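Trainee: The chain contents come next:
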Amino acid sequence: MLGLCRNGFGGVALLGLMGGLGLGAPFNNQKILAQSPSILPHHPAKAKSVIFLYMDGGVSQVDSFDPKPRLEKENGEDPYKKFKVDATQFNNIGKILKSPWNFNQFGESGIWISDLFPNIATCVDDIAVIRSMISEFPEHTNANYFLHTGHGLQGRPSMGAWTAYGLGTENENLPGYIVLDGGLIPPGGLDNFKSGFLPASYEASIFKARDIPVANIAPLEGSDGIQRNKLNLAKQMDQSLLGRLGDAQQIESAIQNYELAYLMQSSVPEMSDMSGESDNIKKLYGFDSPDQHTRGYAAQCLMARRMVERGVRFIELTCPRVEADRWDQHNGLKDGHERNAHAVDQPIAALLKDLKSRGLLETTLVIFGMEFGRTPFAQGTNGRDHNPSAFSIWMAGAGIKAGTVFGTTDEYGYRVLENPTSIHDLHATMLHLMGIQHEKLTYRFSGRDIRLTDVGGRIIQEILT
Amino acid sequence: MLRGIFYILILLLFCGCQRNPGDFTLPDQVDFNQHIRPIISNNCFVCHGPDISSRKAELRLDQEFFAKSQSQSGLWPIRAGKPHRSEMYRRIMSDDPEQMMPPPETNRSLTAYEKALIGKWIEEGAEWKKHWAFILPENQFLSDNARHPIDQIIDQTLDRQHLQRIPQASNQQLIRRLSYLIKGLPPTEEDLAKNVEDDGDYEKYVNQLLTSPQYGERWARHWMDLARYAEGRGHEFDYPVIGAWRYRDYLIRAFNQDLPYDEFVIEQLAGDLLDTPRYNPEEGFNESLIGTLLLNIGEGKHSPVDTKDEEKIRIDNVIDVTSKTFLGLTVACARCHDHKFDDIPTTDYYALYGIFESSRAHLYPAERTPKEYQYIDSIQQLKQELLAYLESVSLTSNQPPASFISEKTKEIPSVNYTVLGDFRGENIGPWSSDGYCFGKKTTKGELVVDTKSNRAHIRISGTASSEKISRGLSGALRSPTFTIDSDYILFKAAGNHATIRIVPDNLQLIQDPIHGAFARKIESESLIDFISFVGQWKGTKAYIEIIPGNYYSRNGKGHYYRQNPEAWIEVEYVLALDSLIEFPSGVLLSNDKITRQESFLQIPQSIWNDYWLEKNRFSKFLQDTTFLAGMIDGDCIESAVFVRGDHRNLSEDKVPHRFLTALPGVGPDFPKTGSGRLALAKSIVDPENPLTSRIFVNRVWHHLFGKGIVTTVDNFGLQGTLPSHPELLDHLAVWFLENDWSVKKLIRYIVTSETFKQNTEADPHALEIDPENKLLHSFPLLRLEAEAIRDGILTCSDRLDLTMYGESIPLHLTDFLQGRGRPSESGPLDGAGRRSIYQALWRNFLPPFMTTFDMPIPFSTFGDRSETNVPAQSLTLLNDPFIREQAELWAKNLIKKNQDTSTLIESVYLKAFSRKPSADEIIISIQFINDQKEKYPQREDKYQLAWTDFCHSIFNMKEFIYLL
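Protein chains in written order, with our numbering: chain U, 1 to 465; chain Y, 1 to 964.
I should point out that these hints are in silico values taken from the structure, not numbers from a laboratory.
Keep in mind that this is a model prediction, so the values were computed, not measured.
One or more hints might be untrue.
Stated by the list, open to error - Below, simulated SDA-like cross-link-like pairs (lysine to any residue); rule was C-alpha separation at most 20 Å, straight line:
1. Y/K774 / U/L245
2. U/K73 / U/N102
3. Y/K115 / Y/P104
4. Y/K308 / U/F90
5. U/K401 / U/N102
6. Y/K933 / U/D224
7. U/K440 / Y/C47
8. Y/K541 / Y/N564
9. Y/K942 / U/S223
Unchecked claim - Here are some, though not all, of the chain U residues that point toward chain Y, as calculated from beta-carbon distances under 10 Å:
10. L153
11. D181
12. G188
13. L198
14. E203
15. S205
16. K208
17. Q227
18. D238
19. L260
20. Y262
By construction, the Cβ of each residue, glycine as well, lies at the ideal position given by its N, Cα and C atoms.
Work out the full structure, taking the sequences as your base and the hints as a guide.
Mentor: Here it is as structure tokens:
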């Protein structure tokens, strides 16, 4: 007689099964086990979670966080007479172009921010601006891969995958690495979020900010009981198989996996169900905005907070699909940047305030970043082309010295003058705040111990508390 | 007690290290390759290895000569026989942080066991050996008894540990194992009725599987993991790789017809360079050419701001893929510096770089067969006859072309210009005419006919023309490689639906932004000037390509290619110039113009009709409409070394084309023209090359046992693992060569061993001693690959459509699959029931089912897929509509049979698990179906719903996705 196990699903404690590895770690795989990093974290983490606000296409630094009065003075003049001009993506180089927006100082820190971000400006004392970011690629796809994976080509693990690999997840019932798709998957596609040569278990789950947020999470059956019966049958047969085989750890793990999957079917929809949030909170984020893209991004930001509360390790938000393309304003800078800024400004400020009021900002690292900046001269007459030689990002939250500005660009905001900060530096700093020494988080592939920061990476101590 | 000692021995044998200090026994004889090299490679080579740039204290331990030479300070790093006079030993034994090696800051340290090993090795004379994989394999197996040599070798290692083999697997287990591993599908009921416990029947079944067409599909897919196969170029818009699926079909046919592996390798590197290419026996097209797609299906970027950088990335990928795939070496590690571990200097890398840089992409007509050459000949023949007739009645002119004269001034232009191509004479050279349409000669001496008036003349000044033989025929006219050094390039050209491209740094995805001027559409009935401004690209290496076709967008995706049947192009000359002052008002050959006017002849109607009708009849057979993106040779370009990988920082000396210096092969005798790919391919398959055969037999072993004899199947260098059974690896490598590189024979040879036939149920005692089953005391438990799981599901539901070959089935798109380059149409949920290998693989849109079950991302060679176990897999099998749909289909098919429940359950078990259910399983299943019916009280189709639920549950049972 077969041993009948009618435990059912849902009541099995899984803690401890996942070890130090990511959600659904491939613990039956000796190859991977042998490679799992040494006991992590390397040092106490300041950040439990990261929210990466990805500004697809490249926000113009000279129109947002890096004011350049000289552009105003020399508006319309020939850039070739001013400085050496690099080849650009479109190579349609126009005149020096002043910013269409005014800059003002905000908060006690007096950080300059343009009119593009009136709401973020109210949080200025919580953020640290880095004005001296540099990238290595003037094309979107490569720059995106570089920003996300520390390497300019397809196939490397993304930063979220590295953290899942290194730290696992706080909540076994949810993925450790989630991308909240706002409507725009960046150039380079889903490979920006994949696990590369790391096992597939570390890749991002692509979520939408809505009821059924991810593929295959909703049971097809009309009632829970129907699915339960099916699972029980499978489990019963599996257990009997296990009995026949004796020691078969792979099978055992695969069985346990089903219990986890079963739990995820309810924990994921619970997380994405925002009906219980108060009207005040929703209003703060912009759920009542007349701009549908603001409403959409508000839902992403609120869901990000809910993910942080539930222990999701790494969350990336992609941009909404506004009418004027993403931040990539090769022409129509004013209109395009305004539309994009309007969509994200209020929700981001709300997210920072909401996290702060709940005490979560202390343990959450929020990064506002992009693949590169834009040229101080026009593309054509009213656009700006790609500029990997200087751009501005900001960070807030866990371990960040709020109210700081780091790095300087030249008088045009074209190139970095002081404290050039690479993508590897950004990654090293991010990992550091999560308790990981970036040189030690490695995975052997192709005979090399590869890391997110390749052979670079300096922790930006100047912006840390 | 005895077991305790065994345990220690085993630890030593397997770990090569011992974590518990003091608790170890050293081997009787320390072996350099097995014991010492892994220690020093892992711990010392970063600073004391082949790479000079990171070398410390001018000490290298990777080569015997240096490791055993007295240093300038008088110390001996290694003094044979005298560990205590060896500085290396002294340093590793030191605990002084200033002295100890490896230094504390490296975070590396040697275990006591490793230190003791090194000590004993030096004491025994510090015998040095070449890295094991660089020593030619020798078949040391001499026994002539009847037992299978594989089993004899496995027995030896088992005996050493006093382990017993596990008994043979059951009849049905073996049938299922063979069926899945050889053809990737579950066995049929008919197969299951066989008795393969009989050796004769076993072999018959193996042969049946090896001759089934599905065998090729299974093994082609394995190869596609190595080839980073995809149908799009990724990057931003995932532009198509033209004819990629033909490479997939090529692989299937190659495995099915058991193409010898050496030929298979040669074709993929140099199938375009063979004197006697292989033609498809049924359809007649050239198979060998298709192989070269391997070199041209990588990622590709459009509008790179730095074309040289983009070329560097593409070639790096080709070097990475080919060196890992064929040689199991990570040559790409030597791009910026000498390899840190293996004997691969950076000059080796740039020798290969030059080979691939000298190769150009070429669109081959996919379906042209040699049979059609006769039509080309026939047309030529007709023309000759007509010409002969005309010459008998008229004058011909043989005036040489004059120099270029400005129409405006009637003088030789005063501005500087360089002639890049001049086709007014008889020959096309030094340009290359690739393909069929241009031929080697210009149109000089050709007949020009005005079809309205039946008047004709013989051209006394030539052009390069794509319609000399017939419109519709494909081909390309390409210039030698040159460096752009002018502001303008002028083409005197005419044509229709045709294109001229300036190809910078072998970039194929030429388009706006940036490169718009590099691609010109040619639409003009008469010869006119087409001028491209190229001033901003001065210094860029390029060639010019003239083609009778167009690149175009299909469903919003650019870079498809088509050739209109009426397309043609003709070019008179190509000039590089720095000023347009005297151009384009007219540079021409004055006397040509005059002659054209005067030399018209009247052709008799009857002769003309014959010619015209015949030509049209033949031309019909010469239409090329389908293409594939293979490779062709360009000029021989030798590359400089990119200092630290920087293409803007070049070494003075260029590296001649050659094979890896550490390996035998063709040696320095690479040709000085063209790419040298054929010489490279021949070096790789040279029987004196110690790697190629080993790498491949290990791959086959890996696919049959789930794990290679060398587990790092793509890396046989120092950073790879040591073989678990070196004698076995060598035996198979030699055997494979002796058996004419026959893959089918190799598979048959391996699966007919007892080792392959063992049960999976391991003996607990053996597991304790050898928990990873390195010794193969039982058959490993294998999870099926993504493709096999999906194909198995389709088999159960009888939805499987075994149609072979052809364009891929589009991916079924869901809301969650978004991004640039998204395919314009969604495919059917069930992929039209076709095998997984026929599902479209766009780089930026890979099928989620496949990647969830560990299909690798196609960016580099993956010989060893991960085998993960994640909730996403469970969620897919539980909730993916495709799985549910197939369960429903299966249930419907069952109900139609109108049989009693237990018979149906039996058929379900046979299909899903290749076995009959036990009595208990029948009882439980019946009970489930009865219970489940009650869950749908309101539904008329509750019986079918219950069966659907049952079938769906079956897909979710582990026995379905594991090979027992």
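Trainee: Look at each hint and say if it fits the structure.
Mentor: Hint check results:
Straight-line distance between C-alpha atoms of Y/K774 and U/L245 comes to about 19 Å, which keeps the hinted pair within the 20 Å bound. Between U/K73 and U/N102, the direct Cα distance comes to roughly 14 Å. Compliance with the 20 Å bound is thereby established for this hinted pair. Simply put, Y/K115 and Y/P104 have alpha-carbon atoms about 16 Å apart, close enough for the 20 Å limit, and the pair holds. Note on Y/K308 and U/F90: the hinted pairing holds, with a Cα-Cα distance of about 17 Å set against a maximum of 20 Å.
Between U/K401 and U/N102 the alpha-carbon distance is near 26 Å, which puts this suggested pair outside the 20 Å criterion. About 15 Å separates the Cα atoms of Y/K933 and U/D224, which keeps this hinted pair within 20 Å; it holds. The straight-line distance between the Cα atoms of U/K440 and Y/C47 is roughly 18 Å, inside the 20 Å bound, and the hint therefore holds. Among the hinted pairs, Y/K541 with Y/N564 is inconsistent with the structure: their alpha-carbon atoms are about 30 Å apart, more than 20 Å.
Between Y/K942 and U/S223 the alpha-carbon distance is near 14 Å, which keeps this suggested pair within the 20 Å criterion. Evaluation of the U/L153 hint against chain Y yields a held restraint, the C-beta minimum of about 6 Å falling below 10 Å. A distance limit of 10 Å between C-beta atoms decides the matter here; for U/D181 the minimum to chain Y is near 6 Å, and the interface restraint holds. Contact between U/G188 and chain Y, as hinted, is supported at the beta carbon level, the nearest pair being about 7 Å apart and thus within 10 Å.
Hint status for U/L198: holds, given a least beta-carbon distance of 8 Å to chain Y, under 10 Å. Satisfaction of the interface hint for U/E203 is found here, the shortest Cβ-Cβ separation to chain Y being roughly 8 Å, below the 10 Å cut-off. At its closest, the beta carbon of U/S205 sits 7 Å from a beta carbon of chain Y; the interface hint therefore holds under the 10 Å criterion. At a threshold of 10 Å, the smallest CB-CB gap from U/K208 to chain Y is about 7 Å, leaving the interface hint in force.
The interface hint given for U/Q227 holds, since its Cβ lies 7 Å from the closest Cβ of chain Y, which is under the 10 Å cut-off. Interface hint status for U/D238: upheld, as the beta-carbon distance to the closest one in chain Y is roughly 5 Å, under 10 Å. Of the supplied interface hints, the one on U/L260 holds, with its beta-carbon coming within about 5 Å of a beta-carbon of chain Y, less than 10 Å. Nearest Cβ of chain Y to the Cβ of U/Y262: about 8 Å, under the 10 Å cut. The hint holds.
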